[in-house]
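Chain by chain, the residues run as shown.
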Amino acid sequence: MSDRMLTMAEAVREAMSIAFEERPEVFLLGEDVGIYGGAFGVSGDMYHKYGADRVLDTPIAELGIVGAAVGAALSGMRPIVEIQFSDFTAQAMDQIANQAAKIHFMLGGALHVPMVLRTPQGSGTGAAAQHSQNLEPWFASVPGLKVVVPSNPADAKGLLLSAIDDPNPVIFLEHKLLYKIPGRDPVPEGATRIPLGVSKVVREGKDLTIVATGIMVNKCYEVAEKLAAEGITITLIDPRTISPLDMNPVFESVEKTGRLMVVQEGPAQAGFINEVIAQLAGSSSFGSLIAPIKRLAGMNIPIPYAPQLEKAAVPQIEDIEIAAREIVKNWR
Amino acid sequence: MPKMSMTMETGELINFHVAVGDQVKSGDVLFEVMTDKIDMEVEAPADGVIESLVANPGDVVEIGKPVLIMLTETEVMAFDFGDDDQPVATVEVAAPVVQAPAPVVTAPVVAAPVILNETVKAVPKARVEAANRGIDLRTVRATGPDRTITMEDVNGAQLDPVIIKRQEANKALIAKGIEMTRAIAQASFTRSVSANFDHAKFIAAWAKVLRNRPDLAAHEHIGVALIIESKYGSALPVFRDPDRSNHAELVALVASTTDAAKNGKVPVAMLSGATTTVFDLTTYSMSSATPLLFPNQVTSVTIGYESATTKIVSLTIDLNFCDFYDGALLLDALVASL
Chain D
1 MSDRMLTMAE
11 AVREAMSIAF
21 EERPEVFLLG
31 EDVGIYGGAF
41 GVSGDMYHKY
51 GADRVLDTPI
61 AELGIVGAAV
71 GAALSGMRPI
81 VEIQFSDFTA
91 QAMDQIANQA
101 AKIHFMLGGA
111 LHVPMVLRTP
121 QGSGTGAAAQ
131 HSQNLEPWFA
141 SVPGLKVVVP
151 SNPADAKGLL
161 LSAIDDPNPV
171 IFLEHKLLYK
181 IPGRDPVPEG
191 ATRIPLGVSK
201 VVREGKDLTI
211 VATGIMVNKC
221 YEVAEKLAAE
231 GITITLIDPR
241 TISPLDMNPV
251 FESVEKTGRL
261 MVVQEGPAQA
271 GFINEVIAQL
281 AGSSSFGSLI
291 APIKRLAGMN
301 IPIPYAPQLE
311 KAAVPQIEDI
321 EIAAREIVKN
331 WR
Chain Y
1 MPKMSMTMET
11 GELINFHVAV
21 GDQVKSGDVL
31 FEVMTDKIDM
41 EVEAPADGVI
51 ESLVANPGDV
61 VEIGKPVLIM
71 LTETEVMAFD
81 FGDDDQPVAT
91 VEVAAPVVQA
101 PAPVVTAPVV
111 AAPVILNETV
121 KAVPKARVEA
131 ANRGIDLRTV
141 RATGPDRTIT
151 MEDVNGAQLD
161 PVIIKRQEAN
171 KALIAKGIEM
181 TRAIAQASFT
191 RSVSANFDHA
201 KFIAAWAKVL
211 RNRPDLAAHE
221 HIGVALIIES
231 KYGSALPVFR
241 DPDRSNHAEL
251 VALVASTTDA
261 AKNGKVPVAM
271 LSGATTTVFD
281 LTTYSMSSAT
291 PLLFPNQVTS
301 VTIGYESATT
311 KIVSLTIDLN
321 FCDFYDGALL
331 LDALVASL
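Residue numbers (the working numbering), protein chains in the order written: chain D, 1 to 332; chain Y, 1 to 338.
Keep in mind that the hints were calculated from the coordinates and are not lab data. A hint or two may mislead.
Here are the simulated DSSO-like pairs of lysine-lysine, each with C-alpha atoms no more than 27 Å apart in a straight line [claimed, not checked]:
#1 Y/Lys208 to D/Lys256
#2 D/Lys256 to Y/Lys121
#3 D/Lys200 to Y/Lys37
#4 D/Lys311 to Y/Lys208
#5 D/Lys329 to Y/Lys125
#6 D/Lys329 to Y/Lys262
#7 D/Lys206 to Y/Lys37
#8 D/Lys329 to Y/Lys3
#9 D/Lys226 to Y/Lys37
#10 D/Lys206 to Y/Lys65
#11 Y/Lys231 to D/Lys294
#12 Y/Lys201 to D/Lys329
#13 D/Lys294 to Y/Lys3
#14 Y/Lys208 to D/Lys294
#15 D/Lys311 to D/Lys180
#16 Y/Lys121 to D/Lys226
#17 D/Lys226 to Y/Lys65
#18 D/Lys294 to D/Lys226
#19 Y/Lys125 to D/Lys200
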């Protein structure tokens, strides 16, 4: 059974179920997570399996949902919050940024907030500007929050188990387009954890280092496969946890390839991926660069409704392929 | 080759609308390009002169690669520091403005390297590599996008023999405990001479003296750069092997080049290959100055005003190549030759 191919929705449900079995204090709350099985079907049959006491359907009130979770976490529970769309976290931001993130620090470590907030993000579903954002930098810029952006089912399962173990708040950003797609790698059975704050080298090459987050890891992987046939080999790095960020594999790889490209779905301006560029530019690995750093990111516009424009607003496989080939070809 | 659409990778050159030597204004059509989507006319981005046509009609040119080389007014005035093998394209890259030597009399001196108002674009690793190998990036031909020096450029760069020898000598001096990492050890000598010469006669005489000292030359030829001041700045046209020229022709060439330089129009072919520099200070009624050495030259000379019948000739030598005695002999030989 070592070759189980799950979708990300199945892998996340499996991780939550394992945590439910392991710890009685773990519970799930959110809009439609119970009887309906979650807006994207992630909680599925958990309501029927674990009952209404552990899978709580809540009113449509994000500030209240997260506030309740923070209170429960302070009282010894381990809540998992599902916010239907990451865009709606704006409603709950005071509880997330001002309460959950800071309580541990403001009380000298006396209290913990072991809460996980899971939420789907990203464009590609034709859901327009208020349901399609990539808000990675909102959370990554709040000290006290850990931020996880899984790119595949196996990582999602292992990282979510670690997130639930974590004594303080973790924001878990799942891309909705990945929910229904099986990953490239099998999802191990059992309760295997993947530690937070460890970047993953997805594949290794000698010509170009690409750092990408979330769904962009998958797009870059496809490009890397294609370009390998042309003799261009790519090291692809998935930070997985964008806060805290593990840059060591990036430094090591750039010292070998001399070329760096960063790819994210969110808007370029003040985007998370800029942090990777900034840390590289300020490191001793800077002197290894043989090419200007290339950034591919979303346009600085609200995600449009029209499908063609929605597609044009974020990097697509063809854009990544052209940019990767150009940087390698032009800078030798 | 400009990028005219998102997917464009190459363009086919249809034809040129200009020829070498044409003066063009910003907006003039330079050439026509055919892509998979459109045909387009490419316009001059600035006023200038067409220096050379690189591609041929019918060629498929990658975006970012040169189709033709155009020099702007200031670039026509530019002085090429590189050796004579460098293609003209690098004139635009180097484009340094030469700082006039300060009118201070000191000899011997240890001078800092010539300061140049220029920036060289290079990828970070190229800078590291150049520093490690002692390559002056100003002498490296840039082939990368936006005329940036790439690793390939640095790896293919030839070190100027003068710079190599100077570095070796500097290492020896460091071994003796003298901090010479970036400096050139140099000494200056001064003599009064009869004012019985013009620029043509002077540069021919100086070239003849240097001809007898191949140990001071890193190149087969002798190229005398004559600094000519104009409202555009300093121009340094280079006269090649003037000691072997017909004297009347040399006189005419110096006169016409000086006129041209004052109007900002030095021929591109005369902008490279300098091995020594001559600076006539009498224009400023100055008597003498310490002529600074260019990084890849071993000697430089100034001509100063003393009286209606006498001038002062100052010679600066690089002490890595010759000693004080050599310097005195060289100046003596120059005076005798005049």
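Status of the hints after comparison with the structure:
{"no.": "1", "hint": "Y/Lys208 to D/Lys256", "verdict": "violated (53 Å)"}
{"no.": "2", "hint": "D/Lys256 to Y/Lys121", "verdict": "holds (22 Å)"}
{"no.": "3", "hint": "D/Lys200 to Y/Lys37", "verdict": "violated (41 Å)"}
{"no.": "4", "hint": "D/Lys311 to Y/Lys208", "verdict": "violated (72 Å)"}
{"no.": "5", "hint": "D/Lys329 to Y/Lys125", "verdict": "holds (17 Å)"}
{"no.": "6", "hint": "D/Lys329 to Y/Lys262", "verdict": "violated (43 Å)"}
{"no.": "7", "hint": "D/Lys206 to Y/Lys37", "verdict": "violated (34 Å)"}
{"no.": "8", "hint": "D/Lys329 to Y/Lys3", "verdict": "holds (15 Å)"}
{"no.": "9", "hint": "D/Lys226 to Y/Lys37", "verdict": "holds (25 Å)"}
{"no.": "10", "hint": "D/Lys206 to Y/Lys65", "verdict": "holds (25 Å)"}
{"no.": "11", "hint": "Y/Lys231 to D/Lys294", "verdict": "violated (42 Å)"}
{"no.": "12", "hint": "Y/Lys201 to D/Lys329", "verdict": "violated (52 Å)"}
{"no.": "13", "hint": "D/Lys294 to Y/Lys3", "verdict": "holds (17 Å)"}
{"no.": "14", "hint": "Y/Lys208 to D/Lys294", "verdict": "violated (55 Å)"}
{"no.": "15", "hint": "D/Lys311 to D/Lys180", "verdict": "holds (19 Å)"}
{"no.": "16", "hint": "Y/Lys121 to D/Lys226", "verdict": "violated (32 Å)"}
{"no.": "17", "hint": "D/Lys226 to Y/Lys65", "verdict": "holds (25 Å)"}
{"no.": "18", "hint": "D/Lys294 to D/Lys226", "verdict": "holds (19 Å)"}
{"no.": "19", "hint": "Y/Lys125 to D/Lys200", "verdict": "holds (26 Å)"}
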